[in-house]
Amino acid sequence: MQIELTVNDKLVTWDVENDEFLADTLRAHGFLSVKKACDTSCCGLCTVWMDGKPILSCSILAMRAHGKKITTIEGVSQAAEEFARILTAEGAEQCGFCSPGFIMNVLAMKNELDNPTEDEIIHYLTGNLCRCTGYMGQLRAVKTYLGVA
Amino acid sequence: MFTVLDMAQPDKLEEAFEILTKRKNNTILGGCAFLKMSKKRIGTGIDLSRLNLDYIREDNGFIVIGAMAALRDLETNALLRDAFGGILSQSVRNIIGVQFRNGVTVGASVYSRYGFSDLLTALLVLDTEVELYNGGKMPLRDFLQKPYEKDILVQLRIEKNQRLAAFSSFRKSASDFAVLNIAVSNLDKQWTIAVGARPGRAVIAETASRALSQGHLSAEEIEAAAKIAADELSFGTNTRGTAGYRKALCQVLVKREIMEVLQCKSN
Ligand SMILES: Cc1cc2nc3c(=O)[nH]c(=O)nc-3n(C[C@H](O)[C@H](O)[C@H](O)COP(=O)(O)OP(=O)(O)OC[C@H]3O[C@@H](n4cnc5c(N)ncnc54)[C@H](O)[C@@H]3O)c2cc1C
Ligand code: FES
Ligand code: FES
Numbered sequence: 013m014q015i016e017l018t019v020n021d022k023l024v025t026w027d028v029e030n031d032e033f034l035a036d037t038l039r040a041h042g043f044l045s046v047k048k049a050c051d052t053s054c055c056g057l058c059t060v061w062m063d064g065k066p067i068l069s070c071s072i073l074a075m076r077a078h079g080k081k082i083t084t085i086e087g088v089s090q091a092a093e094e095f096a097r098i099l100t101a102e103g104a105e106q107c108g109f110c111s112p113g114f115i116m117n118v119l120a121m122k123n124e125l126d127n128p129t130e131d132e133i134i135h136y137l138t139g140n141l142c143r144c145t146g147y148m149g150q151l152r153a154v155k156t157y158l159g160v161a
Numbered sequence: 006m007f008t009v010l011d012m013a014q015p016d017k018l019e020e021a022f023e024i025l026t027k028r029k030n031n032t033i034l035g036g037c038a039f040l041k042m043s044k045k046r047i048g049t050g051i052d053l054s055r056l057n058l059d060y061i062r063e064d065n066g067f068i069v070i071g072a073m074a075a076l077r078d079l080e081t082n083a084l085l086r087d088a089f090g091g092i093l094s095q096s097v098r099n100i101i102g103v104q105f106r107n108g109v110t111v112g113a114s115v116y117s118r119y120g121f122s123d124l125l126t127a128l129l130v131l132d133t134e135v136e137l138y139n140g141g142k143m144p145l146r147d148f149l150q151k152p153y154e155k156d157i158l159v160q161l162r163i164e165k166n167q168r169l170a171a172f173s174s175f176r177k178s179a180s181d182f183a184v185l186n187i188a189v190s191n192l193d194k195q196w197t198i199a200v201g202a203r204p205g206r207a208v209i210a211e212t213a214s215r216a217l218s219q220g221h222l223s224a225e226e227i228e229a230a231a232k233i234a235a236d237e238l239s240f241g242t243n244t245r246g247t248a249g250y251r252k253a254l255c256q257v258l259v260k261r262e263i264m265e266v267l268q269c270k271s272n
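One line per chain: the protein sequences are X and B, in this order. Counting in our numbering, the first sequence runs from 13 upward without gaps. Counting in our numbering, the second sequence runs from 6 upward without gaps.
Every clue listed holds true.
DEER-style ranges, computed between Cβ atoms:
id, chain 1, residue 1, chain 2, residue 2, range
1, X, VAL24, B, GLN195, 53 to 61 Å
2, X, ASP126, B, ALA229, 40 to 48 Å
3, X, LYS155, B, LEU267, 31 to 39 Å
Non-contacting residues of chain X with respect to chain B, defined by C-beta distances greater than 10 Å in every case (computed):
id, residue
4, VAL88
5, GLY103
6, LYS122
Treat the hints as calculated values from the structure; they're not laboratory data. Beta carbons are placed, not taken as given, at the ideal position from N, Cα and C, and that holds for glycine.
Could you put the whole structure together from the sequences, leaning on the hints where they help?
Right under this line is the structure:
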């Protein structure tokens with residue numbers, strides 16, 4: 013079927029299969045920042061925004077994006093870079109494979125929560141797995157970025 | 006991976022039901038996270054997005070939750086955070102992550118009657134009614150005992166009363182399935198205790214609930230009710246815990262949640 017949506021502020025019309033998931037559609041159209049690392053909706057690497065809310069693009073049908081606004085990290089490059097600099101300064105990025113999804117969820121959290129506590133930060137980021145870092149460096153970076161350190 | 010041959014986006018429930026019952030493999034699509042893990046070959050996938058069923062609102066003494074409301078909506082909705090000690094919001098907060106909960110739906114979670122369901126355990130101790138398109142309205146506890154029939158879950162209706170409630174889920178790690186779920190509620194003299202992830206489907210501990218409702222809530226009676234609950238329910242073994250472990254946990258957690266409700270009462 014045909015869907016019309018906005019990706020990073022650009023209106024696009026795409027043909028998608030009925031059973032195609034959004035992550036695959038985005039990657040097929042060159043949004044290679046969108047990663048997939050599990051089959052069970054549990055790693056968070058495929059996180060993008062739909063109408064500003066973070067979602068798992070691996071688990072949402074592409075056709076559900078019809079009429080919606082999708083944002084990938086390519087669409088928020090300035091904020092992403094600002095946070096990424098803090099993340100690397102904390103030594104919290106190793107292979108980097110989890111970063112696009114993680115950063116999209118951190119930025120979503122910044123938009124949704126005011127001055128979150130450590131518990132609230134951890135709760136918001138629970139769905140983002142990272143196999144390299146052990147999370148402590150990430151947590152430091154997030155707190156610095158949000159100004160709640 | 007599941008496959009969907011055709012896609013229907015009906016504007017009316019009537020039409021959705023007609024398509025659903027036309028062929029055996031025609032299927033309602035919720036958020037699709039669970040369907041995605043299956044190998045189901047769907048004939049016509051029925052997308053309910055055009056029916057505007059994603060509401061949570063108050064209506065004539067009921068809290069009404071549409072089938073397409075996301076679990077994250079339950080978690081953040083102000084009405085639900087306030088009502089019944091916020092147990093509905095609390096019950097979903099450990100399911101995978103925020104992004105996941107933004108995508109999965111209340112209707113699918115209830116209709117599917119998963120044994121591990123956190124939400125069902127919490128809903129069971131409230132005055133919850135399930136509204137099906139074809140089957141009509143019925144108490145959740147009756148719905149849970151019905152055999153699977155093709156139908157569309159349209160909305161949940163929860164009587165908005167002064168019921169106090171507490172919920173806890175015991176997990177080995179955040180975002181894993183629960184080892185055991187407990188919910189307890191009280192309205193006037195009536196107490197209700199529900200246990201889920203036994204790992205079987207959530208049920209009400211009827212004898213324990215009755216015993217607690219008839220007593221004076223002394224420490225001994227609370228202890229006794231918790232033991233009755235653990236004795237009257239059946240538990241099973243899976244990778245997350247043995248039947249014996251769950252039974253032991255049940256007694257401790259039921260007692261704790263009764264105390265929690267009493268604490269709310271005294272505040
Ligand atoms: C990896 C994973 C981990 C999970 N962990 C937990 C957990 O720890 N605790 C917990 O409580 N839950 C858990 N869940 C379940 C989750 O919360 C949802 O209940 C589940 O994903 C179904 O929601 P969905 O919107 O994805 O449904 P879908 O996958 O779209 O649908 C599931 C079924 O419901 C049917 N259906 C959907 N909507 C309706 C409707 N309105 N009327 C009738 N039938 C309908 C579909 O036809 C399908 O058969 C988990 C799910 C996954 C995939
Ligand atoms: S790829 Fe793992 S959650 Fe989407
Ligand atoms: S840095 Fe390698 S998975 Fe996170």
